[in-house]
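Participant: Sequence:
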Amino acid sequence: MELLKEFTIQFIGLKLGKHQFEYEIGNQFFEYFEYNEFNNANVKVAVELTKKSTLLELHFKFKGVVNVNCDLTNEPYDQSISNEFNLVVKFGHEYNDDETDILIIPHGEHEINIQQYIYEIIVLSVPRKRVHPGVEDGSLNSEILEKLDELSPKQQENIENKEDTDPRWDKLKKLLTDK
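Note that full-length UniProt numbering has the sequence shown beginning at 1, numbered continuously upward.
No lab work stands behind these hints: they were computed from the structure. These figures come from a predicted structure and were not determined experimentally. All residues carry an ideal CB built from backbone N, CA and C; glycine is no exception. It is possible that part of the hints are untrue.
[Said to hold, decoys possible] When the alpha-carbon atoms are kept at most 27 Å apart in a straight line, the in silico BS3-like pairs for lysine-lysine are as follows: (1) Lys-15 x Lys-51; (2) Lys-15 x Lys-61; (3) Lys-63 x Lys-129; (4) Lys-18 x Lys-90; (5) Lys-90 x Lys-5; (6) Lys-147 x Lys-171; (7) Lys-90 x Lys-51; (8) Lys-5 x Lys-18; (9) Lys-44 x Lys-5; (10) Lys-18 x Lys-61.
[To be verified] Derived DEER-like restraints, expressed as beta-carbon distance ranges: (11) Leu-172 x Glu-120: 55 to 63 Å; (12) Thr-177 x Glu-34: 58 to 66 Å; (13) Asn-36 x Phe-91: 35 to 43 Å; (14) Glu-24 x Ile-102: 26 to 34 Å; (15) Glu-6 x Thr-50: 19 to 27 Å; (16) Phe-91 x Gln-116: 17 to 25 Å; (17) Asn-27 x His-93: 33 to 41 Å; (18) Pro-153 x Leu-4: 17 to 25 Å; (19) Asn-69 x Trp-169: 41 to 49 Å; (20) Lys-15 x Lys-61: 18 to 26 Å; (21) Asn-36 x Pro-167: 35 to 43 Å.
When you get a sec, could you build the whole thing from the sequences and use the hints?
Facilitator: Shown next as structure tokens:
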């Protein structure tokens with residue numbers, strides 16, 4: 001995978017201390033990863049890099065909106081997301097990213113690319129079950145929701161109750177409810 005240059009931080013020329021980097025993430029970023037779950041994206045990412053003599057500390061903080069389709073109705077809606085993530089970059093003999101929040105890079109490296117970390121924290125911040133806010137408060141009018149209401153078990157029970165039943169069973173049911 002080719003690395004996007006704007007997400008490469010050259011830390012070799014930076015002084016010890018804190019450094020700020022800001023990124024605006026849009027659809028082009030996710031197209032690069034061939035991720036098509038978002039209809040639209042507008043996320044601001046702030047990265048604070050703290051350079052120390054033996055390691056680097058990266059603090060990712062992001063906030064924004066991604067437009068996704070509802071899992072129930074397939075209607076698009078804007079999902080707000082925000083999250084934070086810390087990454088410690090250590091120097092070692094060989095590259096190792098087995099740990100979630102620790103990255104080991106070879107001693108001779110002079111830059112780090114953070115595009116994969118940004119991609120993963122944004123994608124993982126979107127709720128697993130995406131439900132349109134209009135579904136939750138009942139304000140969304142959708143053909144799919146109407147069909148779901150029509151086919152819901154409650155409707156089926158009402159239809160079954162209207163059918164003629166054996167009067168003997170009705171008397172027995174009445175005994176249960178009279179208690």
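Participant: So which of the earlier hints does this model not fit?
Facilitator: 6, 18 and 21
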